[in-house]
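Chains as they are written, first to last, in this note's numbering: chain F, 1 to 239; chain G, 1 to 491.
If you're looking for bench data, these hints aren't it; they were derived computationally from the structure.
Treat the hints with care, since some could be wrong.
One-sided excerpt, in silico: chain G residues whose CB lies under 8 Å from chain F [said to hold, decoys possible]:
no. : residue
1   : Q183
2   : A184
3   : L281
4   : G283
5   : R292
6   : L294
7   : S295
8   : K301
9   : R302
10  : G305
11  : F398
12  : Y401
Derived EDC-like pairs: lysine to aspartate or glutamate, alpha-carbon spacing no greater than 16 Å straight-line [said to hold, decoys possible]:
no. : chain 1 : residue 1 : chain 2 : residue 2
13  : G       : K318      : G       : D363
14  : G       : K408      : F       : D129
15  : F       : K109      : G       : E354
16  : G       : K394      : F       : D82
17  : F       : K108      : G       : E392
18  : G       : K318      : F       : D129
So the derived list for chain F, only partly shown, Cβ under 7 Å to chain G, looks like this [claimed, not checked]:
no. : residue
19  : C29
20  : A49
21  : G50
22  : R53
23  : H89
24  : F98
25  : I102
26  : G128
27  : K130
28  : Q132
29  : H136
30  : S214
31  : M217
Even glycine gets a Cβ: it sits at the ideal position worked out from N, Cα and C.
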Amino acid sequence: MIEISNVTKTYGGRIRAVDNISFTVEPGCIYGFLGPNGAGKTTTIKLVAGIIRPDSGTIRVCGYDTAREALAAKKSIGFVPDDPNAFLHLKGLEYLKFMGDIYEVDAKKRREIIGSLAERFDMTQALGDKIQSYSHGMRQKIVIMGALMHQPRVWLLDEPMTGLDPKSAFELKSMMREHADAGSTVFFSTHVLEVAEKLCDSVAVIGAGRLLYSGSMDGLKSHRGESLEKLFLEMTENA
Amino acid sequence: MRKVLILARTLLKSSSSGAAANQKQGRRWWVPLALGIAFLSMGFSIGMMALGIYEALVPLGAQGVIMPLAMGATSVVIFIFGVFYTVSVMYHADDVPLLLALPLRPWQILGAKFLTLVVYEYIFEAFILLPVLVVYGLQSGAGAVYILYSAILFAILPVIALSMAAVLVMIVMRFTSFGKNKQAFRFVGSIIALVLAIGLNIVLQNTAGRMTPEQLAALADGSSMVSAVERIFPGLPFASQALIGSNTLPGLWNLLLFVLCSAAAIAVFLGLGQLLYFKGLAGITEAAGKRRLLSAEELGKRTAGTSATRSYIAKELKMLTRSPIAFMNCVLMNLIWPVLVLIMLFTQDSSFAEVKDAVAGMDAGTAMAVLTGVAAFVSCANAITSTAVSREGKQLYFMKYIPMPVQKQLMAKVYTGMLLSVMGIIILVVLALIMGFIPAVASSPIWYGVAPMTVLGGTAISMLELFIAFLQAYIFAFLAALFIGMNVHQH
Chain F
1 MIEISNVTKT YGGRIRAVDN ISFTVEPGCI YGFLGPNGAG KTTTIKLVAG IIRPDSGTIR
61 VCGYDTAREA LAAKKSIGFV PDDPNAFLHL KGLEYLKFMG DIYEVDAKKR REIIGSLAER
121 FDMTQALGDK IQSYSHGMRQ KIVIMGALMH QPRVWLLDEP MTGLDPKSAF ELKSMMREHA
181 DAGSTVFFST HVLEVAEKLC DSVAVIGAGR LLYSGSMDGL KSHRGESLEK LFLEMTENA
Chain G
1 MRKVLILART LLKSSSSGAA ANQKQGRRWW VPLALGIAFL SMGFSIGMMA LGIYEALVPL
61 GAQGVIMPLA MGATSVVIFI FGVFYTVSVM YHADDVPLLL ALPLRPWQIL GAKFLTLVVY
121 EYIFEAFILL PVLVVYGLQS GAGAVYILYS AILFAILPVI ALSMAAVLVM IVMRFTSFGK
181 NKQAFRFVGS IIALVLAIGL NIVLQNTAGR MTPEQLAALA DGSSMVSAVE RIFPGLPFAS
241 QALIGSNTLP GLWNLLLFVL CSAAAIAVFL GLGQLLYFKG LAGITEAAGK RRLLSAEELG
301 KRTAGTSATR SYIAKELKML TRSPIAFMNC VLMNLIWPVL VLIMLFTQDS SFAEVKDAVA
361 GMDAGTAMAV LTGVAAFVSC ANAITSTAVS REGKQLYFMK YIPMPVQKQL MAKVYTGMLL
421 SVMGIIILVV LALIMGFIPA VASSPIWYGV APMTVLGGTA ISMLELFIAF LQAYIFAFLA
481 ALFIGMNVHQ H
């Protein structure tokens, strides 16, 4: 569902934020993206979302080339950025309506989706208020709700657990599982190795812009027989 | 006390470096230059006004009046801005929660914040009081003592007005819920500031050349407004008396009395602050929310689908009218200037008649040309399309990840600009009616052809503005890259 082939992205002609990486995210899979701060996780996610263009290489989402068929690729993605502080002057519901209009979600469908997402995330009472009055976690939740409005096949989430309360984190994790089990894809970055260990079917580890590992979580652990934390530290230390 | 000074220094440093960091696209050398020119011209016109009044009062032997006049005006301005500064710096600033966690007493935090505010107020003093001090000094041939006294008074003048503003704010914040909603406060504050600025301008323009010397001399009289203003600020008369009598012993006594009054004001402020400050901080929020459950009907109505472009325009309008900065710079500016022209016309009675006479003398063609030109100016004078992209700030990436072509998004932004421009034009039409333009123009049938042209012209200009904004962004990015590149290679 996401195919990244030989992608390189350089900033200022010198720093290689992403250095010739290739991997494929299969349907029906939760794919974790791990790496230390500044390793290139957010850059990779922005490349997939179509926010920045790669210097070389290609990215395909649901079969669409993100460079040549940008709009079709974007429609199949639900993107959650790492910073939820956007559209603070809109009310929660206004934001969701706006996203519904942009992604052309049917009016009846959007009511159902908003209702069910608000229920699951405990946001029913906050929808009429401005996003500015929300806590960090609530802002994160409204951004996630906006991203899922059009029921995208590919979820692209940058650090989605940050700031969520235990119940919402649990709900999001269950939703990610349901989404993958229904044959779709979740691709998300995280610093929290426990989350990755429990949730992911596959992982990619990135360090200093280079791909250090990509494949199944079980394969990674059985290969060395060590804890994920220790493996991660060993892998990224010399990257 | 040492901690107060350390904290004040740190606060001043962090606010100035913060301002520098905001200038993303390298150092804009023209910003301080433009501000400098604006302040200089303002200071110059106040200086000229002071000179006029001074010379008019010399025959009456009452030239000393300009001193309480200047001190009173400066104190009023400091007090009004002090109220807003105090709320934003002492209560709403992002660093307040951090400072509360430090092992400091309320009066220490307040003292440090107060010192930073005094420094900010020097800016107002520099262009209101300083020109008057210079004019008085030069005209009265004052000596070194006058310069010394002036420097001392310049440094401590804001203390009394600012202490009073701060005490007022502390009481309001402690016992009422006013000012607890940061967003609402900024909104109200920015509008009041604009109204005050306009009002000040009008007062200045109208008083400068109009008062007779008798009226001016009457200002110095016990019953006049000036002494009433002076009485509001306890101790302020000592300041002007110190300068007027700078060569005499009573001058020195007056100076000492003023210093004492200022010290007392700070003592009262800090003492009350010790009691009121921490409790007044409770309940401040960025924006209030009601947390109300919406009914199914409401939910349906408020999420009903519209086209992407219409939705985008609605979003732009909401962001423009709800963000205080955008509202002030884009929406208000678009609507306020025709109102300004109206006020100017009505407050200066002769000019209104002059304009009307001029319009009456115009043939239809000239009147139309003037009106069309002004209409085109209104539609491009607002900053809505020229800031269409830069307004997005850090959220610019949003434009790139949604499945809506960038051309469509930009057009939605242009439509938003046009929509608000039309509002400006409506006000203009009202203005034109009042001035007698419309009858002059409507007598010619060409008008009906020209009117739609104005709208087309407005659209073209909006697009041109957007293009220029892009060009500007591109050039800044290019220059910044060049600059950084050069620095990297040097080392």
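- Item | Evaluation of the interface hint that places F:Q132 against chain G, nearest CB under 7 Å | holds (4 Å)
- Query: Would the pair F:K108 and G:E392 pass a check requiring their Cα atoms to be no farther apart than 16 Å?
  - Reply: Roughly 31 Å separates the two Cα atoms, so the pair is violated.
- Against chain G, is F:G50 within 7 Å by beta-carbon distance? holds (6 Å)
- Query: Close enough to count: is the Cβ of F:G128 nearer than 7 Å to one in chain G?
  - Reply: holds (5 Å)
- Item | Hint validity - G:L294 Cβ closer than 8 Å to any chain F Cβ | holds (5 Å)
- Message: With the threshold set at 16 Å, check whether the alpha-carbon distance from G:K318 to G:D363 stays at or below it.
- Response: violated (43 Å)
- Against chain G, is F:K130 within 7 Å by beta-carbon distance? Result: holds, 5 Å to nearest chain G Cβ.
- Task: Measure nothing beyond the straight line between the CA atoms of F:K109 and G:E354; if it is 16 Å or shorter, mark the hint as holding.
- Result: violated (63 Å)
- Under 8 Å, Cβ to Cβ, is where G:K301 needs to be relative to chain F, so tell me if that hint holds or is violated. violated (10 Å)
- Hint status (Cβ of F:S214 to nearest Cβ of chain G, threshold 7 Å): violated (24 Å)
- Message: Is the interface hint satisfied for F:F98? The criterion is a beta-carbon contact with chain G at less than 7 Å.
- Response: For F:F98, the interface hint holds, since the closest Cβ of chain G sits about 5 Å away, which is under 7 Å.
- Item | Minimum beta-carbon distance criterion (8 Å), G:R302 to chain F | It holds, given that the least Cβ distance between G:R302 and chain F is near 5 Å, below 8 Å.
Violated hints for the displayed structure, listed by number in ascending order: 2, 3, 4, 7, 8, 13, 14, 15, 17, 19, 22, 29, 30 and 31.
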